[in-house]
Amino acid sequence: MSKSFLYIFSIIAIVLLTLTSCEEVVHVDLDTAAPRLVINGSIQWQKGTAGNEQKIKLTTTTGFYDPNIPTVSGAVVFVTNSDNVAFNFTEEVPNSGIYLCHNFIPEIDETYVMTVSLNGETYTATETLKSVAPITHIEQNNEGGFSGDEIEIKTYYNDPALVNNYYLYKYKASSLSIPYFGVDEDEFFQGNEFFAYFSHEDVKSGDNLDITIYGVSKRYYEYMNKLILIAEGGGGPFSTPPATVRGNIINQTNQNNYALGYFNVSETDFRNYLIQ
Amino acid sequence: MQNKIILLLLLLATTLSFAQGGDSFGEPEKQKVTLSGTISDLKTNETLIGVNLFIPEIKAGIVTNEYGFYSLTIPKGTYTIQISYMGYETMTETIELTKDTKKNISLNETGQALEEVVINTEKTATNIRKPEMSVNRLSTATIKKIPVVLGEVDVLKAILTLPGVTNAGEGQSGFNVRGGGADQNLILLDEATIFNSSHVFGFFSVFNPDAIKDLKLYKGGIPARYGGRVSSVLDIYQKDGNSNKFSMNGGIGLISSRLLAEGPIAKGKGSFLLAGRGSYAHLFMKLADEPNSAYFYDLNTKVSYKLNPNNNLFLSGYFGRDVFSLNKSFINTYGNATLNLRWNHLFSDKLFSNLSTIYSDYYYGLDLNLLGFEWKSGIRNYNIKYDLRHYVSDKIKLNYGVNGIYYDFNPGVIEPSNENSGINYKQLEKKHAYESAFYIDAEQKVTKNLTLSYGLRFSKFYRLGSGNVNLYDNNQAVVFNEELQIYEKGTPIGTRHYGEEDVIKKFANLEPRFAASYQLNEDQSIKASYNRTTQYLQLVSNTASPTPLDVWTPSDNYIQPQIADQVALGYFKNFKDDEYSLEVETFYKKIKNRLDYIDGADLIANEALEQVVLNGQMRSYGLEVLLRKNTGKLTGWVSYTLSKSEQRTPGRTAAETGINNGEWYSSGHDKLHNLSVTSSYAFNKKWTFGANFVLQSGQPVTYPNGYYEYEGINVPSYGSRNADRLPAYHHLDLSATFTPKPNKKKGYQSEWVFSLYNVYGRQNAASISFGQNETTGVNEATRLSIFGIVPGVSYNFKF
Chain A
0 MSKSFLYIFS IIAIVLLTLT SCEEVVHVDL DTAAPRLVIN GSIQWQKGTA GNEQKIKLTT
60 TTGFYDPNIP TVSGAVVFVT NSDNVAFNFT EEVPNSGIYL CHNFIPEIDE TYVMTVSLNG
120 ETYTATETLK SVAPITHIEQ NNEGGFSGDE IEIKTYYNDP ALVNNYYLYK YKASSLSIPY
180 FGVDEDEFFQ GNEFFAYFSH EDVKSGDNLD ITIYGVSKRY YEYMNKLILI AEGGGGPFST
240 PPATVRGNII NQTNQNNYAL GYFNVSETDF RNYLIQ
Chain B
0 MQNKIILLLL LLATTLSFAQ GGDSFGEPEK QKVTLSGTIS DLKTNETLIG VNLFIPEIKA
60 GIVTNEYGFY SLTIPKGTYT IQISYMGYET MTETIELTKD TKKNISLNET GQALEEVVIN
120 TEKTATNIRK PEMSVNRLST ATIKKIPVVL GEVDVLKAIL TLPGVTNAGE GQSGFNVRGG
180 GADQNLILLD EATIFNSSHV FGFFSVFNPD AIKDLKLYKG GIPARYGGRV SSVLDIYQKD
240 GNSNKFSMNG GIGLISSRLL AEGPIAKGKG SFLLAGRGSY AHLFMKLADE PNSAYFYDLN
300 TKVSYKLNPN NNLFLSGYFG RDVFSLNKSF INTYGNATLN LRWNHLFSDK LFSNLSTIYS
360 DYYYGLDLNL LGFEWKSGIR NYNIKYDLRH YVSDKIKLNY GVNGIYYDFN PGVIEPSNEN
420 SGINYKQLEK KHAYESAFYI DAEQKVTKNL TLSYGLRFSK FYRLGSGNVN LYDNNQAVVF
480 NEELQIYEKG TPIGTRHYGE EDVIKKFANL EPRFAASYQL NEDQSIKASY NRTTQYLQLV
540 SNTASPTPLD VWTPSDNYIQ PQIADQVALG YFKNFKDDEY SLEVETFYKK IKNRLDYIDG
600 ADLIANEALE QVVLNGQMRS YGLEVLLRKN TGKLTGWVSY TLSKSEQRTP GRTAAETGIN
660 NGEWYSSGHD KLHNLSVTSS YAFNKKWTFG ANFVLQSGQP VTYPNGYYEY EGINVPSYGS
720 RNADRLPAYH HLDLSATFTP KPNKKKGYQS EWVFSLYNVY GRQNAASISF GQNETTGVNE
780 ATRLSIFGIV PGVSYNFKF
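Respectively, the protein sequence lines represent chains A and B.
Here the first sequence is numbered in numbering that gives the first Met the number 0, starting from 0 and rising by one per residue.
Here the second sequence is numbered in numbering that gives the first Met the number 0, starting from 0 and rising by one per residue.
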C-alpha cells in the first residue's frame, strides 16, 4: 500500500513539474564499471499448469548506452528442493545464456536452493515458493488515471486473511515495448478484496494486456520495490539517491564478486485481457 | 542532575548581576541613568526591530529588540544620540540626561510611494562591535526588490541570495544553511514554529511579504534563547498594523493576489492587521476546462493593544493551506496554522519581559478516491515561553528565560473513503513528547574593543506515553545481512507498553553558546563564535528536500537527537564612509546522529520507522564572502560561498558496510561554489531596476555506471553515492518597477513591477534521470528543466 502512496506522490510531483517544465533527452558521458554477473532466476508456476518447464538466464552488466546485453555460457546451473532432489538447467541454444529445465516440480511453501557454478566460483540463493490468490475479475474504466481520460484496469483478487501476503504484478500491453511491474503488501487491506491497478496513457482499445500476479516472499517484494524505482528512472527530483540493488544471490567463493539479479519462486495467476 | 543545572544557571545569573554592580564601583552609583523607550515608524507607528541607537561621545550603543524596545544605562551628561535604521532617515539629537528618561522615538521613512529606492546608510558601527555574527537581516523593502520567478515576491527566495544559504534546486522547497539539512532550520513566524515553509511543492513560500516586518537569519553563533534545531534560525516578525490611521495595500500578480488592511483600534491604543493572499485555482494547469486545480491561500492576522506604558498585548495568527486536486480522484490538502498570544511587560526601564503562549500545527491530508482511501497526518504543538531581557548596564545585557513545548504527533490515519473500498481503517500509533529548556545569555563589553557574548541552554526532551515500543535482538531495529551485504528491517521480538503517565525515553543536553568580537578600529572587527545545538525532532524524508508529506518524529529509544557543534570566524569591515561593507566568515560544523535510510526504505505510513533508519554523521565547512554596497543609486550585494557538505553512515560493527561503504559522500544540497549578485538601480523617481545573477555548482547526483536486464526491463547499476554532479546552474533575472506618480504621498498610490526570470533561457537541469524509452525500449538520459524564460507582471497599490 505504501508503494501506491509513493507512486502517487511521485505522480503529483511529476504532473506539477511537467506543467511548467520541459523534458529533453540529453547525452551524458558515463563511466562503465567492469561487467558483473546477473542471474535472472524467476521460477513461475502458473495456476493449473504442471510447472515443469522453467528457465534461468545468465547475463552481465554492460555500458548504459550499449544496446547488446552480453550473455553468459558455460555455467553449471541447478536447483534443489528440501529433499535434495536436483533439477538441472542447461543452455540448449549455444550462447543464448538461457538455461532450461523440463522436469521442475513446484510445491507451495517448498524451499529451493539455486546453485550456479561459473569460472570456479559458486553462487547460491535460497527462496520459498509462495502461493497467490486467484484473479477473480477484471474491471476497465475509460475515464481513469490522473488525467481522467486514461484507460485504467483493476485486476481483483481476495487477499487471504491472517497471513501477511506480498504481491508482484506484471503488465505487458501489446502496444508497449516494455513490461510494467508493481508491488503490494496487504498491510492496509488484510483479508479484503483488493486489486492490482494499471493505467497508461498509451494503452488503447484493442490492445492485449497480459496480467500476471505473483505471490512473493517479503524479501523479493522489497527487492522488486527497489528495482522498479531504479528502473523507472532513478535520480528524479523526489527520489532517494539511487544505488545498485542487491538480491539474494551469494557468491560462496568470493564475496566481493557478487552477482546481481534474484532467484525467485512464485505461484502466479495470469489473464490475457482484451482492452475494450 | 537537572536541579543542579538550574542552580548553576541561577548562580551564573546572580554572579553576572553582581558583576554589573561591581562594574560601577569605580564611580558613584547615582551618576548613572537609564535611557529607554521604543522606536517606531512615524507614519504607521509600527515598532522597528534592530534600530541602532549610538552615542558617539562614549561609544555606547544599543539595538532595539523584537518589540522595538531599547534601554541604555550610562553616566549622567549631555550626549548626541544617533538613530539609524535601514530605509529610514538617520536622526541625530542632543539630549541632556539628568535622570532616568523614557524616550519614544519615531523615525521617518526615506524613499517613495511603496518602498524606499535607496537603501539608506545603515550606520554599521554597532554591527562592527556586537559579537553577533553569521546573522543576516533583510527588511521587506529589500526583499521586494529582488526579481523572482513569475514576479511573486518571496521571502525564502530572498534569503537564498545570502552567503551560506542554498537549496537543493529549482522547485525544491526549503533551504539549506551552511550545509545543513532543510529540516534543521528553526522557522519562526511571530515565535510560532512553522513546519513547512512552502506552497505548491516549493515554488512559493508561506510568508506573505506584505504582512512581514522583518526577518533575521542566524547561520551560526545562535543565541541561547533559540533551540530545537541544529543548523539555523529564521526568525520572522509580522507587522503590528498601523495604529495611526486605517490603510490598505495589495497587489495583483500572475499567480496570486494579496490584500492587507490595517488600522487603529480603541482610539489608538491598539492596532489590527489582516492580510490575505490567494492564488488562482488553475495555477499551472494548462487547460482551464480540466477538472484539476491547484491553489493556495494564507491569512495573517494580528491585534496589538497597549494596556498601559508598561504592558502590551499581541495576538497573532497564521493560517495557510494548499489544495491540489486532480480529476476528483485525488485531493491533497496541507498547511500550517498558528496562534500566539503575547504579553510584553516592563518590570522596570531595565527589565523587559515577554510571555508567549503559542499553538501551532501542521496538517497533511490526502483523499485518494482512485484507491478508495483517505489519509490524514499532522503535528501539533503547545508552547509556553517566558523571556526576559535585562539591560543591566551599558556593559552587560542579560537574556534569560524558560520554554516548554508539548507535542502531539499523528503519524497518520488511513480511512476507507467509500463503501466499496477494500481498505481497512487504521490509525498509526500517535506519539507524544515534551521539550523544555532554560537558558541564560550575557553580552558583556569587556574592554573598549572586546565584547563577549556567552550563554548556556539546558534542554530536555521526554518521549511520553502512551505508546508501544518495539523490542529487538541486541537492541538493533535494523539488521545487517552479512551474506547478502544488505541492511534489512529487524523483526521485533516483543513490544513494551507504556501508559499515559510513563516516560518512554528522556534526553538532556547542555548547549553552550559563545561569541566574541574584537574591534580593530572604527571600521573593522574580527569575530569568533561557537555553538552547540540539539534537535529532538527528526524529519523523516528520503528526498533531498522536504516534501509536503513530511513525517516528523520525536527522538526515542532508537532515533537519537541530532547534536551539532559549529565554530565560525569572521572579519568585518566598513569602508568609504560606510558606503560599502565586507563580511568574510569561515565555518566548520559537525552533526551527530543525522538519520540516513537503508536502501529502499519505505517511510510513508510506516509504523516502525526505526527499522529503516541508521544514525549517521554530517559535516560541513566553508568560506563565505558578502560585499554590500549600501548607498547610492546602485545598491546591492555580491555573495560567494565556497563550501562542502557531506554525510557518512559507517557500519555499526566492522562486519557491516554502512551506507555507501561507510564513506563520506556529498549531501544532496552540497554546492561547492555558490555566487549570487543582487542589485538594484534607482534610475529616476519613476523607474527602479533590479537584476540578480546566480551561478552554482550542479547538484550532486549519482549516475549509472552500467545496466543489466532483469525480467524484461533494463535496470541501471550504480557506483558511489552522489559522486557525480549535474551541469552548473545559472540564471540572470531582471525586474523593473514603475511608479507612475512618485511624488504622491497620500491617497491612492500604485506601482507596476515587471520581471523576467532566466533572461537568457538557460535550461537548468533540475534532474537527469536514466531509464528506458517507453516506446523504443532504448536506454536514455532525460533532463528535466523546470523554468525557461518566465515573464511576470504585478500591480501593487496602497491607500
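Keep in mind the hints are simulated off the structure, nothing from the lab.
Positions of the beta carbon are idealized from the N, C-alpha and C atoms, including for glycine.
Any given hint could turn out to be false.
Some chain B residues well away from chain A (every beta-carbon gap over 10 Å; in silico) [claimed, not checked]: (1) THR100; (2) ASN243; (3) HIS344; (4) ASN409; (5) VAL502; (6) LEU581; (7) LEU622; (8) PRO649; (9) TYR702; (10) ARG720; (11) TRP751; (12) GLU779.
Result set (SDA-like, lysine to any residue): computed pairs, CA atoms no more than 20 Å apart in a straight line [what the hints assert, rightly or not]: (13) A:LYS171 / B:ASN772; (14) A:LYS217 / B:GLU482; (15) A:LYS153 / B:GLY49; (16) B:LYS375 / A:ALA242; (17) B:LYS425 / A:LYS153; (18) A:LYS203 / B:LYS215; (19) A:LYS171 / B:GLU482; (20) A:LYS217 / B:GLY776; (21) B:LYS488 / A:LYS153; (22) B:LYS425 / A:SER216; (23) B:LYS102 / B:GLY49; (24) A:LYS171 / B:LYS488; (25) A:LYS54 / B:GLU708.
Label pairs and their in silico Cβ distance ranges [what the hints assert, rightly or not]: (26) A:PRO69 / B:ASN660: 45 to 51 Å; (27) B:TYR529 / A:ALA160: 29 to 35 Å; (28) B:LEU306 / A:GLU186: 53 to 59 Å; (29) B:ASN614 / A:ALA160: 34 to 40 Å; (30) B:GLU414 / A:LYS46: 30 to 36 Å; (31) A:SER130 / B:ILE788: 55 to 61 Å.
So, going through the hints one by one against the coordinates:
1. THR100: With a cut-off of 10 Å, THR100 (chain B) remains clear of chain A, as the shortest Cβ separation is near 58 Å.
2. ASN243: Non-interface label on ASN243 (chain B) holds, nearest chain A Cβ at 42 Å vs cutoff 10 Å.
3. HIS344: 47 Å, holds
4. ASN409: Answer for ASN409 (chain B): holds, closest chain A Cβ roughly 16 Å.
5. VAL502: At roughly 30 Å from the nearest Cβ of chain A, VAL502 (chain B) sits farther out than 10 Å, so the non-interface label holds.
6. LEU581: 36 Å, holds
7. LEU622: 27 Å, holds
8. PRO649: 16 Å, holds
9. TYR702: About 6 Å separates TYR702 (chain B) from the closest Cβ of chain A, which leaves it inside 10 Å; violated.
10. ARG720: 5 Å, violated
11. TRP751: 24 Å, holds
12. GLU779: 5 Å, violated
13. A:LYS171 / B:ASN772: Cα-Cα ~15 Å, so holds.
14. A:LYS217 / B:GLU482: 17 Å, holds
15. A:LYS153 / B:GLY49: Roughly 62 Å separates the two Cα atoms, so the pair is violated.
16. B:LYS375 / A:ALA242: Violated, because 31 Å separates the two Cα atoms, which is more than 20 Å.
17. B:LYS425 / A:LYS153: 23 Å, violated
18. A:LYS203 / B:LYS215: Measuring from Cα to Cα gives roughly 56 Å; hence the hint is violated.
19. A:LYS171 / B:GLU482: Since the Cα atoms of LYS171 (chain A) and GLU482 (chain B) sit roughly 34 Å apart, the hinted pair is violated (cutoff 20 Å).
20. A:LYS217 / B:GLY776: Status violated; Cα separation ~29 Å.
21. B:LYS488 / A:LYS153: Since the Cα atoms of LYS488 (chain B) and LYS153 (chain A) sit roughly 31 Å apart, the hinted pair is violated (cutoff 20 Å).
22. B:LYS425 / A:SER216: Judged against 20 Å, a Cα distance of about 24 Å means the pair is violated.
23. B:LYS102 / B:GLY49: 17 Å, holds
24. A:LYS171 / B:LYS488: 32 Å, violated
25. A:LYS54 / B:GLU708: The given pair, whose Cα atoms are some 15 Å apart, holds under the 20 Å limit.
26. A:PRO69 / B:ASN660: 45 to 51 Å: Hint violated: Cβ distance 26 Å, outside 45 to 51 Å.
27. B:TYR529 / A:ALA160: 29 to 35 Å: With Cβ atoms ~59 Å apart, the hint is violated.
28. B:LEU306 / A:GLU186: 53 to 59 Å: 56 Å, holds
29. B:ASN614 / A:ALA160: 34 to 40 Å: Given range 34 to 40 Å: holds, Cβ gap about 37 Å.
30. B:GLU414 / A:LYS46: 30 to 36 Å: Check passed, 34 Å falls within 30 to 36 Å.
31. A:SER130 / B:ILE788: 55 to 61 Å: The hint (55 to 61 Å, Cβ to Cβ) holds, given that SER130 (chain A) and ILE788 (chain B) are roughly 58 Å apart.
In terms of the numbered hints stated before, the structure departs from hints 9, 10, 12, 15, 16, 17, 18, 19, 20, 21, 22, 24, 26, 27, listed from lowest to highest.
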